[in-house]
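Visitor: Sequence:
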Amino acid sequence: MRSTLRWLFSNLGLIVLSLALAFLVWAVAVEQENPTVERRYPTPIPVTIPPAPEGMTLYGDTDVQVYVTLRAPRSVMESLRPEDFHATVDINQMEEGAYRLPIQVQVDREPVRILEVEPPEITLYLEPTTRMTVPVSVRLEGNTAIGYIPRPPIVNPLTTTVSGPASLVSQVVEAVAVISVEGERADIEGSFELVPQDERGSVIPYVVLDPAEVAVHVPIEKLSGFLEVAVTALLEGQVASGYRISSITVDPPLVTVYGPPDAIEQIPGYLQTVPLNLEGAKGDITAQLPLVVPEGVSLVGMDEPVVTVQVSIVPLEGSLTVERKVEIQGMEPGFTATVAPETVEVILSGPVPVLEQLTDEDVRVLVDLLGLNPGIHSLEPQVVAPPEVVTEAVIPSSVQVEVILVATPTPER
-6 MRSTLRWLFS NLGLIVLSLA LAFLVWAVAV EQENPTVERR YPTPIPVTIP
44 PAPEGMTLYG DTDVQVYVTL RAPRSVMESL RPEDFHATVD INQMEEGAYR
94 LPIQVQVDRE PVRILEVEPP EITLYLEPTT RMTVPVSVRL EGNTAIGYIP
144 RPPIVNPLTT TVSGPASLVS QVVEAVAVIS VEGERADIEG SFELVPQDER
194 GSVIPYVVLD PAEVAVHVPI EKLSGFLEVA VTALLEGQVA SGYRISSITV
244 DPPLVTVYGP PDAIEQIPGY LQTVPLNLEG AKGDITAQLP LVVPEGVSLV
294 GMDEPVVTVQ VSIVPLEGSL TVERKVEIQG MEPGFTATVA PETVEVILSG
344 PVPVLEQLTD EDVRVLVDLL GLNPGIHSLE PQVVAPPEVV TEAVIPSSVQ
394 VEVILVATPT PER
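Taking this note's numbering, I'd label the letters of the sequence shown as residues -6 to 406.
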């Protein structure tokens, strides 16, 4: 026993050195197998702000996300998920005032070391909570259609309660509903969001309105002597045979006229252009045409009584059945082939003028024998036609092709 103890004491340094070397070898092996890496985690982490003490409001950078740079074994780094991170700030020592607080990030995984947090701090303000009642107002933006005018809005309720940090609540003088009347011809009615504003019309942040919306009715009144009428294009002549009119547009489609009530009453609800001649037309037509305006009536907002008329003219669609001989292509030397049936019917559709001009060379029916071995094959013929023409069907849809190897004559001796 004594000899054993004596041996241990005499070799203690060697034993410790051996253990240290063994640990070092193990650590190197582990590092090579699962190396430590440094990386910025790609997903931003939201910062959770603790609730403010009772009777106080906490505001400022309350909607912040941070990026974190980490050091961890590669296997751990690749397995991290956003829910493994928790970012927050400590507000326990806060009193009324402004503070720059460091963001604290924890990770529910080991071993992970946080190297950097961006941004490292946020600014928060702590103030007593207060509330007060402010009036509701409506601001109309834009212009109604010509000949119409907005009347004073009807609002319900007339007041709202604003609550939040005392210094900000004290700046709110009214809650404003902004409503656009641009181009309107009829009454506006609905619920509209309120915006807290100070005496200069600036929006006050970090406060809450209750209610946050109000019901508003804006009467839109038609002025006497004004009338909004449609514009129609007067067309004459016939387009070319095989074509049709697909659409007609007028810009502007509506105009406002002004005049004495008796003259306005004589207008049938529309104004026509001077005639546009379409005789023989085969394509789209765009023209600037004067309007026929009754005497004593004037157009509002137009320097000249002229509108733009666009007429779209397209070919009529039709169908055509043609008979074509089946052509062979891709046949290798030393082979011959027969096709049954030799001719097929092809049903085509497309613009009538194009169909009427088709020649035998414009529509061909082909079968490709490239790579086929001798024997009988059932093939679907392919139709070659102009791009405007659609092949609806081939009758029959397949043909029988017999590929024959031509016998090579034996040379005479």
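Since the hints were derived computationally from the structure, they do not count as laboratory data.
Take these hints with a grain of salt, some might be off.
Unchecked claim - Derived CB-CB ranges, DEER-like: (1) Gly323 to Ser68: 51 to 61 Å; (2) Pro379 to Ile260: 43 to 53 Å; (3) Val171 to Pro379: 54 to 64 Å; (4) Lys215 to Glu297: 33 to 43 Å; (5) Pro268 to Lys215: 45 to 55 Å; (6) Thr331 to Ile388: 12 to 22 Å.
Since the model is a prediction, treat every value here as computed from it, not as a measurement.
Beta carbons: idealized from backbone N, C-alpha and C, even for Gly.
Visitor: Can you let me know if the beta-carbon spacing of Pro379 and Ile260 is within 43 to 53 Å?
Guide: Holds: the Cβ-Cβ distance is about 50 Å, inside 43 to 53 Å.
Visitor: Given a hint of 54 to 64 Å, does the C-beta separation of Val171 and Pro379 actually sit inside it?
Guide: Check passed, 58 Å falls within 54 to 64 Å.
Visitor: Is 33 to 43 Å respected by the C-beta to C-beta distance linking Lys215 and Glu297?
Guide: Violated: the Cβ-Cβ distance is about 26 Å, outside 33 to 43 Å.
Visitor: Could you see if the CB distance from Thr331 to Ile388 stays within 12 to 22 Å?
Guide: Holds: the Cβ-Cβ distance is about 20 Å, inside 12 to 22 Å.
Visitor: Evaluate the given range 45 to 55 Å for the C-beta pair formed by Pro268 and Lys215.
Guide: With Cβ atoms ~32 Å apart, the hint is violated.
Visitor: Take a look at whether the Cβ-Cβ distance between Gly323 and Ser68 falls inside 51 to 61 Å.
Guide: 59 Å, holds
Checked against the numbered hints above, the structure violates hints 4 and 5; every other hint is satisfied.
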